[in-house]
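**Student:** On the provided structure of chain A, position chains B, C, D and E with the ligands as indicated by the hints.
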Amino acid sequence: ESKGAKIFVIGGKADDPFWSIVKRGAEDAGKVVEAQGGSVTWLGPQNYDNLGADAADLIRTAISQHADAIVGPDWVPESMDEAFKAVVAAGIPLIIYNAGGLDAADRLGAMNYIGSDDYKAGFAGGEYFGNHDLKNVVCVNTLPGAANLRAQCAGLLAGIAKHGGKGVELPLPMSSFGNPTAVAQALKAHLLQNPDVVGVYTIGNVDANSAANGIMQAGLSDKVKLGGVNMDQTILANIKSGSQLFTIDQQGYLQGYLAVSILNGHVNYGLTVPTREILTGPGVVDASNVDATMAGVQAGAR
Amino acid sequence: MNSMVEIQTAAKAGSTPNLWSSIGILMRRPEVGSFLGMVAVFAFFAIFGGANFVTAGGTASWLNVASEIGIVALPVGLLMIAGELDISIGSVIPAASMTVATISGYYDLPIMVGVLAALGLGLLVGFINGVLVIRTAVPSLIVTLGSLFAVAGLTLGVAIILTGSTGVAIRADPLAKAILGQFVGGMFQVTIFWWLGAAIIVGYLLHFSRYGNWILALGGDKVSARNAGIPTDRVITLLFMGSGLCAAFVGVSQALLYNSAQVSTGQSFIFNSIISVVIGGVLLTGGFGSVVGIVFGTITFAIVNQGIFYTGFDANWASLIIGVLLLAAVLMNNTFRKMALTYTPKKK
Amino acid sequence: MNSMVEIQTAAKAGSTPNLWSSIGILMRRPEVGSFLGMVAVFAFFAIFGGANFVTAGGTASWLNVASEIGIVALPVGLLMIAGELDISIGSVIPAASMTVATISGYYDLPIMVGVLAALGLGLLVGFINGVLVIRTAVPSLIVTLGSLFAVAGLTLGVAIILTGSTGVAIRADPLAKAILGQFVGGMFQVTIFWWLGAAIIVGYLLHFSRYGNWILALGGDKVSARNAGIPTDRVITLLFMGSGLCAAFVGVSQALLYNSAQVSTGQSFIFNSIISVVIGGVLLTGGFGSVVGIVFGTITFAIVNQGIFYTGFDANWASLIIGVLLLAAVLMNNTFRKMALTYTPKKK
Amino acid sequence: MAEPILQLSNVNKSFGPIDVLHDISLAVKAGEVLCLLGDNGAGKSTLIKILSGVHQPTSGTILMDGEPIQFASPRYASDLGISTVHQFGGAFPLMSIGRSFFVGVEPTRKWGPFSIYDRRKANEIAVKAVQEFGITRIDDGDRLVGGLSGGERQSLAIARAVHFGARVLILDEPTAALGVKEAAHVLRIVLEARKRGLAVIFITHQVIHALTVGDHFAVLIRGALAADFRKGEKTREEITDLMAGGEAMAELEAEIESYQSAHEGRAPPVADLR
Amino acid sequence: MAEPILQLSNVNKSFGPIDVLHDISLAVKAGEVLCLLGDNGAGKSTLIKILSGVHQPTSGTILMDGEPIQFASPRYASDLGISTVHQFGGAFPLMSIGRSFFVGVEPTRKWGPFSIYDRRKANEIAVKAVQEFGITRIDDGDRLVGGLSGGERQSLAIARAVHFGARVLILDEPTAALGVKEAAHVLRIVLEARKRGLAVIFITHQVIHALTVGDHFAVLIRGALAADFRKGEKTREEITDLMAGGEAMAELEAEIESYQSAHEGRAPPVADLR
Ligand SMILES: Nc1ncnc2c1ncn2[C@@H]1O[C@H](COP(=O)(O)OP(=O)(O)OP(=O)(O)O)[C@@H](O)[C@H]1O
Ligand SMILES: Nc1ncnc2c1ncn2[C@@H]1O[C@H](COP(=O)(O)OP(=O)(O)OP(=O)(O)O)[C@@H](O)[C@H]1O
Ligand SMILES: [Mg+2]
Ligand SMILES: [Mg+2]
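Protein sequences, first through last, are from chains A, B, C, D and E. All residue numbers for the first sequence refer to the working numbering, where the first residue is 264 and numbers rise by one. All residue numbers for the second sequence refer to the working numbering, where the first residue is 30 and numbers rise by one. All residue numbers for the third sequence refer to the working numbering, where the first residue is 30 and numbers rise by one. All residue numbers for the fourth sequence refer to the working numbering, where the first residue is 167 and numbers rise by one. All residue numbers for the fifth sequence refer to the working numbering, where the first residue is 167 and numbers rise by one.
Bound-form chain A, shown alone (with noise of 0.2 Å):
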């Protein structure tokens, strides 16, 4: 008698907004899990502060519970591969999923890779702001150290040099994370400072709003199109109503839901997804489907 497989998800802070969202996925495919006598486990670090280094701790115990499978994103392959290496070393299941890539998971002997990329999710921004005549942009980094979001950054300015445009990144001090004034004054003085700056590019839902109305406030409104990575009802509100421009989606429901769904049934019924990289983005909501999107958003799936 079967009794279900145990998968772990390992993923973000419980309250991100993104990875509530995937984590909302992966419950949401851990109903039929739960419904086969399994479980779906998530865990996340208390903080970002050391990621790498507490994401591997993480997967460690993962293991050290007799997962029967791990999903998990490969965020800092440097600090997290060696405890990838000992998922597969002990015979567990393992998806890389949100970060990392195909590579990632090839390299570490893991069965797919399900997401989208930082790289490829700041370079699809950048070509958005291209293909609209946005040629100066900056990325908000309000966490300058993480790599995916550096990353995110210079996709994006990769993205607008494509297009003959140009870039900067800027990063803010450690003291103005999780402070939307702080935030939106930051970037309201650098539009001020640098009067050519027509597109603004933020790397998540809280920077978004506060950007928006940094904008405001430096009275560019009309000027200054507004981009982003991923999104929430107010994020949709704003696309809507014009003062964003497009978000960067990544479907992170999908990510979840594909993850545990895909190794429950390759535990339960050694069933295998023959598609090696499901690629859940980059997407782009923009005026255009915005209203589409909004339903999946008020269910907490977008």
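No wet-lab data here; the hints were simulated from the structure. Just so you know, these numbers come straight off a predicted model, no measurement behind them. Using N, Cα and C, we set each Cβ at its ideal position, and we do this for glycine too. A couple of the hints might just be wrong.
[As the list claims (entries may be wrong)] Selected chain A positions facing chain C (in silico; Cβ < 7 Å):
no.: 1; residue: Asn310
no.: 2; residue: Gln328
no.: 3; residue: Glu341
no.: 4; residue: Arg413
**Tutor:** What follows is chains B, C, D and E with the ligands alone, placed relative to chain A:
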């Protein structure tokens, strides 16, 4: 400890009854040091920040940030003067944001209901903190750390259950927005006026009402304060409730200002408010401080934090410059006080 | 303040010369309280965390975390006992990581050079902190805040100039890795042994060498300590250098352990180390504390933080449970001490 | 004045397992100075802390004006007119003289709808009260207490208690840090308070001070009431021995004298040592 | 013993604009007790802080054994055998008796290559030293200082100074918080130290204590040396007046007496007040 010695010397020197003493009286006020620190960093950015920094927009940049930190820093400062710390504000702010957004945004109840519920939540957390600190004799840092985690956890858990997400949008009616979440002139947050109001009230409490005396005595020596007939338990509980209320207020106003609430904002307020208070000359060990000092300290911190974006400096070096400037401001403060006190025009 | 009264009562009670006194002697040790708090949270997770929590793997989860916090918490605790605070460790850790990764990873110099440079950096920052605290009489919280920002800014700026990125990979040779960045048995970090070593050294310093006496006296009353002939300036500087060194060590070992360094790692250490120290019974105001207490406090904090992953509880409620448990552990600690002290088998 | 203001009967006090006061019964009358004497650690301060609401007795009753009463808090005791100068603390180094004088009972004045701490009035009264102690150097109520010398601080605390003591004035070693002049002032104050009909409880280790002002003497030895007598009932020598915890002080003095004489032979009369 | 151990010549001390000591010249000889007298705030503590390396004089020189010397730090002074009990502080409430006794000069023993703080030895010596003061209740060197009564703490500090004072022993109001018995013990200790050839500087506000042990008296009034005389050169009344800052104490005493007699007519002899 050092600064205490400093202050005592100040008092002694200031009291010599001669011509010099009128300057002494002014100079021994701790506010003067904080004021000079503030002027110094302002001057720095006025020079390196160029024209934009001294415009209305530039002023709004740091004033908006200062106002939000300031509303929290005032009651945190009072607590510190009374010898206690409150770090639970870091999760009361998002909890209050989420409360008002959930009630008035997600469930569409009248905005008043949401605001009152949020403020009530702040008071409740403060009350619990106060009672725990009094009853258990556990250091308030630990008690409020416990409530910091507990409130953060509750906020997240309840938000997911009720709204299914970690961020909720809220569209306040124009009146509520005008009162709590408006940009005056398109750039100055109304919180600036609330801050002013709070500073006046707290200033009244600390410096002009009898309760100020109780707070100072409490921080100076808790046992002696109790022996002198001060209802120490009540004062401590009320002070914690005050900081809960103010933190909740900031949460509410942020929700209305940004039309949305998130589970995870607010942690930076813990650090920033404590720092502002200490820059303003309040003793970390309690018993000494002034509201004007706290206000100057907050402004200093906000200017340093935001002014950097008006300079042409590479943003990668921002933190370095902030660190050096903060130290310089506080040093300026101390040095000036010492200099002024040991200088005497003619030895009598 | 309260806890000080507690302790005095403890001492008085313990000294009654009767049968009861031998228990009294044991019970009045502050470590006992911390120990019981630790046992309580361990028991909680042993029950709710299931079998996995008590396996080697489960133990490694909290021991690894505790070891890194612990290496920093020890010197931070010493500083707190001496009446000072050091928050600059939050940026010394990533600065040291980046130093060793840049020198030995990016530029491929021998690992020894990188390690020594990183440790030297920690000593230097500590030295600067110490000198500034002594010379300026600015509270150490503010001084080390300044260096926190300054070092963070320097790290980011220099990293971008030298390596063009904020993260650098490093592949250490097997020997260095075995010493500094290995998983023993595939799960226990070598830092656990370093922590043990550090605890022994710091324990020797605080409890068995004469310097411990100096540190306790310094935190008890700085002026009297100086009057008693203690070279206070030197002691303070050395303590800051110690915390810089230990922070740098953690940074180096993290870089080797995880084969990479990031500019932003480390801020959480500030908070976590201070909390661990206070849970361990060290007075926030200085003058009292023990190394065993700090170690127990660190373990308690680590168990609470990591144990949660072994319970089936929804991660949304993790913070709530952590908050409640932390409070419970500290309460347990205090209550037990009080109970034990006022209980007497038969009134003489 | 037959009825005592305060009366203790069979009061015990323990801190956890340590018994500090055993079965104390004692009466304090208006217009009378009660000198509480005893060796270091005898329990004098603990006893007066019970009378001022700081500690609650473990058992036993306290009567005020013949009615049983519980001093639940220092505030309650001071509301009933019991004013205390404790042995340690009571001074707030970082507060101004005026503020620290009025801690807990601040004078206020109306300013529109607000009641404002009346700084000027507080400073004036405080400075006046302290100057009456002969400490004329203090003329600025805004000075911080931390800047005063030990004697000045002590005088400030006593002046405060005298100012607020409506019925009972309790002074725990008030003259310890004081100069000759200031100590004499304190004694004068005590006599003045007695004249005004207050009950005064006065703790001291100086026999002469006790003899100068005391009407009624109570001696504690190791927490028990070893003697309770009125002025004139015992000789100075007897009192000295009691203050020293019941040990005969004669041999000690002989010893000192022998040192003196061995050295120079010019020791002062032994009795003066007391 | 003609040569003084310590000699001050024209020493001035100001704190910023406040001049606390003016032009003090004074000699301290071995085997002699110098009583430093003066009103509250006269500058006594400041003077001995200069001698113990806490403060540096603003101007003037200090000679030790005839050689000019600068006491750059308290440590340096104590290394030269000058041991001081300061008026305030000096006790660490949260430290054990043994540890606080040996603060700064901890005894160590070898344990392999390590030198270990010798807790047992420290506790033993400390307890013994305190018990010699008659405080026999203290038998455990691990007790915290915060748990001692005021008198016990004071005795601990004095015992410490006596133990480490090789050449000069400075006591700033050592008897202030002490009981009759303990104060007598302190006086005995002072005489004992003198006998052993130490120079003792003794500050007190109690005339009797001064007369009992003093060989040499120096009186400070408002920071200036108002009198410097040897035993027997002045009457007790003159000394009392000097200690009160030069004011005649007679009227004060008359006043007190009049209260006394108005009330009961049984005041003790006025001279005893001193
Ligand atoms: N809170 C307390 N907890 C435990 N023991 C205490 C407490 N307060 C006082 N004691 C003990 O009670 C005894 C009496 O102390 P108390 O302060 O009343 O003495 P005292 O007569 O005032 O002495 P002194 O003349 O030195 O001031 C002492 O042994 C003291 O250690
Ligand atoms: N660090 C200081 N800064 C400024 N003034 C000081 C300082 N130390 C002492 N004083 C002042 O110097 C004067 C003398 O003080 P000192 O403590 O020497 O007096 P004292 O003779 O010991 O008095 P007491 O008998 O009350 O102890 C006082 O007026 C005091 O206020
Ligand atoms: Mg007493
Ligand atoms: Mg003195």
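**Student:** Now look at each hint and say whether the structure bears it out.
**Tutor:** A quick look at each hint next to the structure:
1. Asn310: 5 Å, holds
2. Gln328: Since the shortest Cβ distance to chain C is 4 Å, the answer is holds.
3. Glu341: 3 Å, holds
4. Arg413: Where the cut-off is 7 Å and the nearest Cβ of chain C is about 5 Å from Arg413(A), the hint holds.
In this structure, none of the earlier numbered hints is contradicted; all agree with it.
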